[in-house]
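J.: Residues per chain, in single letters:
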Amino acid sequence: MTTPVLTTHLLTKRYGTQSALTEATLDIPAGRIVGLVGPNGAGKSTLLALAAGLVRPTSGTIEVLGRRPAADAAQLARVGFVAQDTPVYAGLSVADHLTLGEKLNPHWDKQLARQRVEQVGLDPKKKAGRLSGGQKAQLALTLAAAKRPELLVFDEPVAALDPLARRAFLQNLMEFVADMDVSVILSSHLLGDVERVCDHLVVLAESRVQVAGDIDDLTGAHHRVVGPRGTLDALPEGVDVIAADHTDRQTTLIVHNTTGRPLDLPGAETVGLEDMVLTYLHRAEGIGVPTLQETRS
Amino acid sequence: MIWLTWRQMRAQTLWTAGVLAAIGAYLLYLAAAVRESYRVNVTECTTACDEAAHLFGDEFGSGLLMLGLLLLAGPALIGAFWGAPLITRELETGTHRLVWNQSVTRTRWLAVKLVIVGGVSVLFTGTLSLLLTWAAGPYDKLVDSRFEPLTFAARDLAPFGYAILAFTLGLVIGVLVRKTLAAMALTLVAFVVFQLLMANVLRPHFTEPVTETITWADANTVGQIDAFGIGSEGAGIQEYQIQGAWVLDDLITVYKGDGTAFDESDLDTCDAQGATTPDECLRAMDATFDVTYHPADRYWTFQWIELGGALALSAVLLGVAFWRIPRGIN
Numbered sequence: 001m002t003t004p005v006l007t008t009h010l011l012t013k014r015y016g017t018q019s020a021l022t023e024a025t026l027d028i029p030a031g032r033i034v035g036l037v038g039p040n041g042a043g044k045s046t047l048l049a050l051a052a053g054l055v056r057p058t059s060g061t062i063e064v065l066g067r068r069p070a071a072d073a074a075q076l077a078r079v080g081f082v083a084q085d086t087p088v089y090a091g092l093s094v095a096d097h098l099t100l101g102e103k104l105n106p107h108w109d110k111q112l113a114r115q116r117v118e119q120v121g122l123d124p125k126k127k128a129g130r131l132s133g134g135q136k137a138q139l140a141l142t143l144a145a146a147k148r149p150e151l152l153v154f155d156e157p158v159a160a161l162d163p164l165a166r167r168a169f170l171q172n173l174m175e176f177v178a179d180m181d182v183s184v185i186l187s188s189h190l191l192g193d194v195e196r197v198c199d200h201l202v203v204l205a206e207s208r209v210q211v212a213g214d215i216d217d218l219t220g221a222h223h224r225v226v227g228p229r230g231t232l233d234a235l236p237e238g239v240d241v242i243a244a245d246h247t248d249r250q251t252t253l254i255v256h257n258t259t260g261r262p263l264d265l266p267g268a269e270t271v272g273l274e275d276m277v278l279t280y281l282h283r284a285e286g287i288g289v290p291t292l293q294e295t296r297s
Numbered sequence: 001m002i003w004l005t006w007r008q009m010r011a012q013t014l015w016t017a018g019v020l021a022a023i024g025a026y027l028l029y030l031a032a033a034v035r036e037s038y039r040v041n042v043t044e045c046t047t048a049c050d051e052a053a054h055l056f057g058d059e060f061g062s063g064l065l066m067l068g069l070l071l072l073a074g075p076a077l078i079g080a081f082w083g084a085p086l087i088t089r090e091l092e093t094g095t096h097r098l099v100w101n102q103s104v105t106r107t108r109w110l111a112v113k114l115v116i117v118g119g120v121s122v123l124f125t126g127t128l129s130l131l132l133t134w135a136a137g138p139y140d141k142l143v144d145s146r147f148e149p150l151t152f153a154a155r156d157l158a159p160f161g162y163a164i165l166a167f168t169l170g171l172v173i174g175v176l177v178r179k180t181l182a183a184m185a186l187t188l189v190a191f192v193v194f195q196l197l198m199a200n201v202l203r204p205h206f207t208e209p210v211t212e213t214i215t216w217a218d219a220n221t222v223g224q225i226d227a228f229g230i231g232s233e234g235a236g237i238q239e240y241q242i243q244g245a246w247v248l249d250d251l252i253t254v255y256k257g258d259g260t261a262f263d264e265s266d267l268d269t270c271d272a273q274g275a276t277t278p279d280e281c282l283r284a285m286d287a288t289f290d291v292t293y294h295p296a297d298r299y300w301t302f303q304w305i306e307l308g309g310a311l312a313l314s315a316v317l318l319g320v321a322f323w324r325i326p327r328g329i330n
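Just so you know, the protein sequences line up as chains V and B, in that order. If you use my numbering, the first sequence corresponds to residues 1 to 297, in order. If you use my numbering, the second sequence corresponds to residues 1 to 330, in order.
Chain B with its partners taken away, still in its complex shape:
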């Protein structure tokens, strides 16, 4: 059975391995470039270091983002091109009636296919993930936004879970839909929906987020304000960043010391009192705001939960496959 499984997947595996080897070689090259640039711009920096660090970030940011996207797409493609056809192709061509009548039970047949093809999927994706995590190491350390959805899902453990989930998802959709092409398309859609759901709906609730009240005077020591705007609607901080943490609020309302929201009219009051800049005004009014976030030290907890969730879902799907297939499909 091992021989047959390998014989059937040989061509596609070698082909994929070739592509991965090319990506791997590029990652090695990239890792060296990242390290060299980090040394010049950060470690051995003597003048205008902030600028140099920015330069370093800009140099590799988009490239690493693209690689992360590739790593996200990888499991989806594995699910569609390896998972979905694995059983469905046999059902379509009728070869299941040949192989199910050899002296191998369907359960064993399925188990061997799953372990080998699924194992290779995880191995490929996992290797790529670890390689990218390593190559991007200095960048991630400097930028320190590991909770960024595209970064989080393309580093460390998460891709392992995605690989096995996408593969089993494809397999089960294939068995239920019984049409290879339709199953491939459905798998892609289902997996993308899963990732969006995970990043936007589920992941923020893995643990109870921390809510902290920050005074305006401390705003840029605790974290960093990306943008701040005041209009007739009120005053708000957009994109408040805390080093390494995951801030959940998009728009944060700023309150005065008396607990009411800060707005445009308060600026006029300040003007009258002689505090000219908004910053001075906000300080004078004892402005505060609430930030809801996941602290940086939760990163590994989240990675494990992400992996565990994907594995649990895969286990359910495998249960469906092992329940459905030995019972006869016709």
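Chain V with its partners taken away, still in its complex shape:
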């Protein structure tokens, strides 16, 4: 698994004049559990739909596991996709769905499918239209997983679930993904959903990628720097300012150290993941940055 799971270059998708995704450039290595975070309408679903080959890019390129998404049946077999709202055929039973999966996928894992259905307590004879939201999500997940893909993509898998069910679903998902040799991309508009389970993060806002990387690297490279006013005007090359706040006497910065070396600035401390993400989201929306003050007091 050395081929990157997802590579995009200046990937853009427009619907009419509306830009759903703008010049996204990403390179996500294999073997990660990737969290795709951003507010509603940030372009998460568009990016995942592009990755699943459901829509075609307006411009730019995208490769999933080294090939064009949905290029042929073999490529489709390598990616399992669970769409938002986890659609299932209302008129078909749970057992029918498993037969569907078996008939339509060359590497179908019959045992895995049966085990999962049993484990989450789905009645095989029940029509999918009469399942609860959580059960539908479980059924859709089972279908995607039992095809034994190299990459599993979930678009807001827990959006329709209540908080208790969200946690249980994610936990169950992760336990089960851990047993499979598979990369995962998971989107959510809530950081809380993904930070527990992901080791790689992509932050999307206003149709653009704000930041992307392994979570450990990201938290290690983002710092809050506080200094007397004027002393932080010139920063070393490779240290980008994400947000700045000035009072009469002092300046507070949140910086991204892209040099790869430890940041050599007095008064620098790492910021938590949540603050980091919020800083990016606020910057994207062009509004003030409450996180600068909040954690300091």
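Only true hints are included.
Derived pair list, reagent style DSS-like, types lysine-lysine, alpha-carbon separation capped at 27 Å: (1) K127/V to K110/V; (2) K103/V to K125/V; (3) K126/V to K103/V; (4) K136/V to K179/B; (5) K179/B to K127/V; (6) K110/V to K126/V.
Simulated coverage check for chain B against chain V, where a stretch passes if three residues somewhere in it have a Cβ under 8 Å from a Cβ of chain V: (7) 84 to 95; (8) 102 to 109.
Don't read these hints as lab results, they were simulated from the structure. Everything numeric in this text was worked out from a predicted model, so none of it was measured. Note that CB positions come from ideal geometry on N, CA and C, so glycine has one too.
Got chain V; can you put chain B on it based on the hints?
T.: Relative to the frame of chain V, chain B by itself:
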């Protein structure tokens, strides 16, 4: 994919097959009745045979017409209830995002759906068409008006073409409109418009019609005059019929031997000369009229053109579907 397609259409197919089986049984019964009546009234007729043949025609005419209408409605219903929802229902319920992410390309997915559901549509309609053609055989032979729009479109090959056309029309309208109900309504309207256009505008021009000048004396040997009227506006034949042929003129003007139109004043001239009936008068004046028609032996040419036209149009629609769907719909 075949399994899934069948599983999705199973209920509606069996239901439709049930209805068709009932119609089929009725057609078998009708075929026997038509044959029995034909034997009594035509083949073994000894006295007052013209009347008996008329009786036979009246007995089955309206019933067969109704069945023909049913056969015309069949493809329209297939287009609306099978074609339009086939893809659109999936788009509406979002299940396309489930099925398009199985290890089956969209092109194959579409092709299998088309072949199976479209195939069943053609099979059903075609069977009904052939059964009706067979059941109505003796009637059609006697009445011999196979070009009659409602008869032509409900016999032999034409319904096969309509079935596939209505189905693909529904499918493509569904894909473009993206709303099942609206697509169903639009399909019905579009298909009815197509059939009206075909019967009234296109079909008469499939081949160059023949124009023949007939003298009044021969009028009822070449064909048959249904009605003839003389008024201040002139003289005209309404509904001239030639056995088995398709006469295109509705109203035919009658000319005198000198090439001018025959009118009321000519009757007075005749009266003065002692020719009392209009018929005698017209003969005396060497009256003639022109008839434009398609001869009876063109029937199969027309059936093939009708089928070919529908197939060509379906091919264009299929091209749209295969171009549009794999490119992503969102």
